[in-house]
Structure formats: structure tokens, C-alpha cells
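Trainee: Chain order of the listed sequences is A and B. Going by this note's numbering, the residue at position 360 of the first sequence is 360; the numbering climbs one at a time, nothing skipped. Each position in the second sequence, counted from 1, maps to that position plus 454 in this note's numbering.
Hints may contain errors.
What the hints assert, rightly or not - Which residues of chain A face chain B? A partial, calculated answer using Cβ under 7 Å:
1. P41
2. G45
3. P47
4. G48
5. K56
6. Y83
7. P86
8. K90
9. G91
10. I94
11. Y97
12. D285
13. R287
14. D293
15. L311
Derived from the structure by calculation, the hints contain no laboratory data. Computed from a predicted structure; not experimentally measured. Think of the CB as a built atom: it goes at the ideal place given N, C-alpha and C, for glycine as much as any other residue.
Chain by chain, the residues:
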Amino acid sequence: MKNYIPVIGLEIHVELNTKSGMFCQCANGMHEAEPNSQVCPVCLGLPGALPVPNKKAMEWTIKIGKALNCIISKHTKFDRKHYSYPDLPKGYQISQYDEPIALTGYLEFGKNHGTYKNEEKKFRIHRVHLEEDTGKLIHTGDDTRIDFNRSGVPLAEIVTEPDFSSSSDVKMFLEELHTIIRYLDVSEADLEKGTMRMEPNISVRVVESEKLKAESQSTDFKLPNYKVEVKNINSFNFVKRAIDFEVARHIELLEKGETPVQETRGWNSEKGITYSQRTKEGAHDYRYFPEPDIPPFNFSNEYIDEVKKSLPELPSTRLNHFVNEYRLKPIDAFILTRDKKTADYFESIATNEHITNAGQTVANVIINKKISTSLSVEAFITEFLKLTKPIETNRALLDTTVSSILTANKKAVTEYKSGKVTVIMFLVGQVMREMKGRADASIVRKALEEKLQV
Amino acid sequence: MVLGKTITEIRNLLKTKKISREEVFSFFIKRIEKYNPNINAFLTTLRKPESIVSDGLLSGIPLAVKDNFCTKGIRTTASAKVLDNFIPPYESTTTSRLKLAGYELLGKTNMDAWAHGSSTETSDYGPTKNPWDTSRSPGGSSGGTAAAVSAYLAPAGIGSETAGSIRQPASWSGVVGLKPTYGRVSRYGVIAMGSSLDCPGPITRSVEDAAIILQAIAGKDPHDATSASVPVEDYVLKMKEKKTYTIGIAQEYFEGLDEDIKKSLEEAIKIFEKMGFKTKKISLLSPQYSISVYTIIQRAEVMSNLARYDGIRYGNPRSFFGSEAKRRGMLGTYTLSYGYYDAFFKKAQKVRTLIINDFKRVFKDVDFIIGTPTPITALKLGEFEKYSFFGELMDKFNEPAAMSGIPAISLPTGLDRNDLPMSIHLMANYFRESDLLNASYQFEKETDFMGVIKKGIANLK
Numbered sequence: 001m002k003n004y005i006p007v008i009g010l011e012i013h014v015e016l017n018t019k020s021g022m023f024c025q026c027a028n029g030m031h032e033a034e035p036n037s038q039v040c041p042v043c044l045g046l047p048g049a050l051p052v053p054n055k056k057a058m059e060w061t062i063k064i065g066k067a068l069n070c071i072i073s074k075h076t077k078f079d080r081k082h083y084s085y086p087d088l089p090k091g092y093q094i095s096q097y098d099e100p101i102a103l104t105g106y107l108e109f110g111k112n113h114g115t116y117k118n119e120e121k122k123f124r125i126h127r128v129h130l131e132e133d134t135g136k137l138i139h140t141g142d143d144t145r146i147d148f149n150r151s152g153v154p155l156a157e158i159v160t161e162p163d164f165s166s167s168s169d170v171k172m173f174l175e176e177l178h179t180i181i182r183y184l185d186v187s188e189a190d191l192e193k194g195t196m197r198m199e200p201n202i203s204v205r206v207v208e209s210e211k212l213k214a215e216s217q218s219t220d221f222k223l224p225n226y227k228v229e230v231k232n233i234n235s236f237n238f239v240k241r242a243i244d245f246e247v248a249r250h251i252e253l254l255e256k257g258e259t260p261v262q263e264t265r266g267w268n269s270e271k272g273i274t275y276s277q278r279t280k281e282g283a284h285d286y287r288y289f290p291e292p293d294i295p296p297f298n299f300s301n302e303y304i305d306e307v308k309k310s311l312p313e314l315p316s317t318r319l320n321h322f323v324n325e326y327r328l329k330p331i332d333a334f335i336l337t338r339d340k341k342t343a344d345y346f347e348s349i350a351t352n353e354h355i356t357n358a359g360q361t362v363a364n365v366i367i368n369k370k371i372s373t374s375l376s377v378e379a380f381i382t383e384f385l386k387l388t389k390p391i392e393t394n395r396a397l398l399d400t401t402v403s404s405i406l407t408a409n410k411k412a413v414t415e416y417k418s419g420k421v422t423v424i425m426f427l428v429g430q431v432m433r434e435m436k437g438r439a440d441a442s443i444v445r446k447a448l449e450e451k452l453q454v
Numbered sequence: 455m456v457l458g459k460t461i462t463e464i465r466n467l468l469k470t471k472k473i474s475r476e477e478v479f480s481f482f483i484k485r486i487e488k489y490n491p492n493i494n495a496f497l498t499t500l501r502k503p504e505s506i507v508s509d510g511l512l513s514g515i516p517l518a519v520k521d522n523f524c525t526k527g528i529r530t531t532a533s534a535k536v537l538d539n540f541i542p543p544y545e546s547t548t549t550s551r552l553k554l555a556g557y558e559l560l561g562k563t564n565m566d567a568w569a570h571g572s573s574t575e576t577s578d579y580g581p582t583k584n585p586w587d588t589s590r591s592p593g594g595s596s597g598g599t600a601a602a603v604s605a606y607l608a609p610a611g612i613g614s615e616t617a618g619s620i621r622q623p624a625s626w627s628g629v630v631g632l633k634p635t636y637g638r639v640s641r642y643g644v645i646a647m648g649s650s651l652d653c654p655g656p657i658t659r660s661v662e663d664a665a666i667i668l669q670a671i672a673g674k675d676p677h678d679a680t681s682a683s684v685p686v687e688d689y690v691l692k693m694k695e696k697k698t699y700t701i702g703i704a705q706e707y708f709e710g711l712d713e714d715i716k717k718s719l720e721e722a723i724k725i726f727e728k729m730g731f732k733t734k735k736i737s738l739l740s741p742q743y744s745i746s747v748y749t750i751i752q753r754a755e756v757m758s759n760l761a762r763y764d765g766i767r768y769g770n771p772r773s774f775f776g777s778e779a780k781r782r783g784m785l786g787t788y789t790l791s792y793g794y795y796d797a798f799f800k801k802a803q804k805v806r807t808l809i810i811n812d813f814k815r816v817f818k819d820v821d822f823i824i825g826t827p828t829p830i831t832a833l834k835l836g837e838f839e840k841y842s843f844f845g846e847l848m849d850k851f852n853e854p855a856a857m858s859g860i861p862a863i864s865l866p867t868g869l870d871r872n873d874l875p876m877s878i879h880l881m882a883n884y885f886r887e888s889d890l891l892n893a894s895y896q897f898e899k900e901t902d903f904m905g906v907i908k909k910g911i912a913n914l915k
């Protein structure tokens, strides 16, 4: 019997939110600006204009590389990638070909990783490189207009190895990557706005049953002789659904003895299907050659170390740190570390001098939104202490109340004495109600138990 | 009063108020009106002086600027009909710096279209004619500027070269042409030809004028990542210090020369020796290698640099491209195609490194390498079209300096049997422009360039 294993690799583009463009001084991040209002001779590709690389964008790409455990190239350069399209004003894109900024990294998922089923996973990163974004074509009726505001925006491209065999792994990976990018504060990584764009490359390989177990663990297999790239997906769920759709489609074709066509497909989220956009005949010939307008770069070890030192504690490390340091349940640590602000907020409260050994309680309060995290740390702590303060119990009132409740609930008392001890909770509730909540439930219970033992 | 005067001399007339800047400007406009219809050196001319800088290095000096420098609000075509209606919204760094120095833009000069050529014959606006003999080419691609300076339609001008496009037309038109070190002068705003080679530079009637213009345009530019941060020297001051140098003589640079040129080159060497310069026999890689390396790299860069001219945002559609640009684009596409990159482009880059190392080795022993920028004097118009690579072959003595990025200068040394100007060529180590100008200045003082520059005007019909 034939078994099918999906083979999935990812290309992820992240628009860096540096102040200015990749190669010019135009203001960056102006998505809502009037079309073609944020342009200059450089990003419009006017005759004679020259690119000057943005050092910050290079530094941030090194950060991304480091966060993904990559090797940072000490020698790197830009190349021209030629293709003709109206949104590409120079007729080539300045990108990186054979010397990307970062190479051969990985992303690991530990047992504590919230969305995962207690299994360790590791996915390899092929490379991270830097390039410029293109303009945007806007189709209205019979007209196509070009907005060059996005032209020349720094774009980091992250390419994984084809290490994924399930759409849920892909989703988990992308969510984690998104969290990391947000932690690094190098991009808005807004899927709706397209500042983070994801393109899965999908194929399916056929494996003999007896080899299934060994093969499914392997990363050293022969790739299928085709792949399908899906573009224009703007949510993690859609990525998952597009992959599932494609895998099913490929298996159906393979079952018929056909090979799926190597092509680029689009995703239609309304219909939940992919559709053919263009077929690729082998590799595109981009006529790459070193960008003569930008001298190559040599990074010193000191510089790379300095950039590395500027990295924040990354979400997975922080998750483990929260589990170990604040004794949080892994799932709660996972939830709190998905957003750096929330994690920072939690930590500044958990480490506050007025809070002792209450990490998990703080976590509960934050996660269950019992106190708003929009409060200042001081205000939160005041509220938190009020909320968790033990209630003083009036001993004399308690004794009389307990006696009267036991007298009034003979049936419950009998049940308790005959072994149905859970009925005590009912009695606690009665006492608490009688005392209008001004009693500590554990003390009430204790008092009830004492009386009932007699 | 103005005729034949250098920048320095006109500056003195202006400073002592013997003449106004309007008078200077209209003097040249009148000459352009008279001679340009025949010579076709200018594509565009301006009507009046506009500078507001009164105390700059070049205040009141009108200059001819090659039409591949973007000038804000003034049509810039690179002599290509694709850009027939292109009016740049920005200014090149070179012309910005000239503006800061107070220059007056006199007009934009003809060139080979996109700077593809060595004769101005590929211009979409007709060739420029050599003022020495209007049946001949002034050389190219900066032929318009060279002819304008030679005919004194401008006291000096700006050219650019990728491999010889300043030095060769300066030579054929009988004036001084300086190619600075790659990166010494910003390329920002110069319509790119071969980006790893392009160098703006002056074409002048004296070495001092070349020094003044270089002074104004040289230096690091935040808009050009390949511009050098090496400090700019006071070229005029340094030029006048009395120094002696060692000149290297490489047999490889004496092969295939016209007899008259060879003779004048040998005489020039004797003059340098008489001036107290030492000479030394050296050996260099044959300039022959530079031809192939240059052709491959330049064509690849041309293909890439022309890709933006799709007629969508500005300019005319691709159908307006001339045949030379198409030929170059196709060759560049071929050499960069999948599977050919290693055999052509990569190999060419390796040889380029060898050429660079070869020069570095030699410049440990000598200050300059002497030769000629061109093995023959000005050709008749029309002769180029017979040979599609003729420019490359003829520019073989210019290409090594272009490939390695070292500075070089072309200096007139007399007239050949047909009364056409000849030149010598000095190459120097990286950023040694002040030494190059110093030696050239001494040579000029000693020889007055055999009267060539003055004869150029007298000769004009």
C-alpha cells in the first residue's frame, strides 16, 4: 500500500519597519499615505539614481538570523535579480543571491510549547536575506494603477528547509515566527496589511508502508519532482487550509498516476480553494549578478556579537523561564509569552517586592482578565492585593452561624455523617451566605468539620 | 577678450570686473549659435546665467555638461530618443556641486546614445563633428563636450567615462581629459552605463582647469555608496609644488600604435626626462585582456541598467531603443544567463582582479605609466559602423585604467601628418590625482601642449 507524506517548505517575507527605505530616505511604514506620495528618484528607479543601503535594516536582518539560530555571514553582498514587471521600477530587484546575511538555522519546539502535544520538534531554516519590496498594482475596472509607496521598503525573506509534513506544524511554526518577529520589534508583521506574507511550497512524496515510520522522521529524503507554491494567503488558518487543500489535491492526482503540475497557485479564502496562477517551467532565469552600486560588506565578530547582545529574551526561552522561575503551568506561561508586552507586564508584577510566590495567581488574574492589564503596574498591584487579601473572619459570629446552619439543615448533617462528605460544600455555601461573604471559606469549612466531628 | 581663455583667466576677468558674467555667458551662446549647427556639440542650451553663488571656485563660468547628467528641470536624454522628453525632477551630485561652486550651465552636450560608443555616431540626435576636421568624429562618448571645449563653444566641460569616454574624445579633439579614480566623483544622477566603471570627469583647455573642476566635484557623497571617503586634496595648490616622479614604460602599451603617435610619445618621454623625471622599464599584463573583461562586464551592467526604461513611468517605449543598445542588452543577457555566468561574468571578474593586482604591483615601483589613450587619431565619420567592436578594440589602452578604477589623464602632444591632434596618457595609482595633475601641469608648462589647444580655435571654420 502507498503512503503519502506531505513535503512543505516555507518562504516568509517580513517588511521591516525601519524609519526609512531600504535604499533611500523615503519615510517607511506609510501604508495609508496617498499613493505615490512617499517616493523619490531612488525608489522610482529614475535614470541615474543610486541605492544606498540602510544599515539598520541589515542589523535587524542579523537579529532575525540570530533569533532563528542562524550562522551570520561575515561577508555579504547584494545582487540584482532581473525580471520585468510594472511594479518593479528598475527592471531588477536588489536582493541577495549567493551570500545571504544569515544561513542554516533552526527553530525548536519544546514540550512546553502550548499548542503542541508534548512532542519535541525542530525545523531547519535555510537562509534569511534582505531585499527591497516592490510597488503595488491596483486594479480598478479596466485600469491598472501603480502605487510606488511600498517600493524600496526593506523586506527580510526567511526560507525554511522542506521540513514540514503537516499543516498544523506549519501553523505552529508560523505563529512562533510571528511572535519572534514581534519580540524583535523589527516589523509590524501584520498579516492583514501584508507586512508579513507567507508562501508555502507544497508537494507530496510516496512512501512504502514498511518504511513509513523511518521515513516520516527523516529530513534526508529525495524531494518530489514538482512543487506548488501558494501565494496571497493572509492568515495562519488559511495557510493551514490551503496546505490541506493542496495535499488532498496532490494525493488525488498521484493516486491516478499523475504528477501535479509545478506552478504558482493563489488562495481563494471565500471558496476555501487554491487556483492556478501561472505555471513555472523550471527555474526562472533571473540573471543574478553582484549589485555594482553597493560595495560588499564585511561584518566583524564584535559587530555581530553586539547585535546578538541586543536581542531580547525570546518567547520559547521566556516560556521556560516563566515555568521555572514563577512556577507557572506551561500553558499559562505559553499564553503570557505570546506577546512581549504582556510578558513584560506579567514579569514586572511577578517580581514586584509586594508580590511573593504568587506567580501563578498573577498569571490567572491576567489571563482571566480579572484586572485590566491596561492599568499601570502600581495600580494593578494595588488591585491585585485587594483581590487576593484573606478575609478576616469574625470568630464569634462564625460559631453562632455554624450552629444555626447545622440546626437548620439536619438532612445535610445526616448525609455527611453517613459518609457523603461532599455535602460540606453546600453547608459552607450556606454559612458564607449567612455571613454575607465576610468569612474565609477555608476557615468556615474547618469550623464546620470540627462541629460535625463531635 | 574672452576667446581662448581658460577658467582661471576668465575668473580673473570677472573678479577684476573687466567683464560681467552675462557678457561671458552671451559670448559662448553667440559662438554656439554660430558654430553648433555645423558641429552639433550641444543638444540643449540655456538662455542666461542663473547662479546665485558669487564667490565660488567657478562663479560665472559657463560649462558644457554631457547629456547623461541629470539636471533638474532641464531635459536630459543621454542622446537617446527613449528619453527624448525626460525632464529630471532632481539634480546629479556633480552638477549640484558645480552649482555650489557657482558655475553656469551653458548647455547639455551630445554623446553616443546611453554612452554606448566612441564616436557620438550612435547618438539619436546625429553625430557631433570634430572641430579639427568636420568630416571626422570628435571621439566619444563624451564627444559633444570635447568638441565644445576644442571649438571654444565652452571654456571647459564635464564628461563621463566607462572606459575611455573622456580620454579618447579629449585626445581626438585636442584638449585635456581627466578620468578620476572610480569613486572619487559621485555617480549619483549620472545615467548609468557600466555602474562598476562609470566616472564623471572634466574636459578642459588646461591642467589647472581640470584641477579646479575636480576640486569642485570630488568627494564622498551620501547618495553614492561607491563614492570614496578618501579626503579631497587641494589639487590646484598641490599641482604647483615642484616634484619629480618616476614614469613606468611598459612595452605592452606601445604595441599597434600609429607611427606618428609612437614618435610623439617617445618625444614626450624625452621631455619628461629632460624635466628631471626618471623613467623605468616595466612589464604589465597586455591591455588586450581588458578588452574581453571590459566587454563582458560592461554589457552585463548595460543590460541591467537599461531594464528600467520600459516607458511606463517616463520616457518613450522600448521600441525607441537604437540598435547598439539592443546589441549590448542582448550580449549582456547572454553572458548572465543560467549556465553561462561562470564561463563569462565570473571569469571576467577574476581577470579583473588580476588586472587590479598587476597595477598595484607596478605602482610600488613607479608613479605613472605612460602611453597613449588611442592608437590612432580621429577617424572619419561612418568608419565605426563597419566594425561593431571597433570602439572596444580602439579603446584598449583606456580600458585597463577603467577596469581597475585607477585615475588617468590625456594630454595633447602635437599634430599628426593630417594635422589631427595626438595625445599621451598617464595612469596613476588610486587617488593619486594630485600627482597626476602635478606631472601634467609641469608637462604643460614645459611644452604648452605644442600649441595644440590654441590651434584648435584658429583652425575653426
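Trainee: Now look at each hint and say whether the structure bears it out.
Mentor: Going down the list of hints, with the structure as the test:
no.	hint	in the structure
1	P41	5 Å, holds
2	G45	5 Å, holds
3	P47	4 Å, holds
4	G48	4 Å, holds
5	K56	15 Å, violated
6	Y83	9 Å, violated
7	P86	6 Å, holds
8	K90	5 Å, holds
9	G91	2 Å, holds
10	I94	11 Å, violated
11	Y97	10 Å, violated
12	D285	5 Å, holds
13	R287	4 Å, holds
14	D293	5 Å, holds
15	L311	27 Å, violated
Checked against the numbered hints listed earlier, the structure breaks hints 5, 6, 10, 11, 15; every other hint is satisfied.
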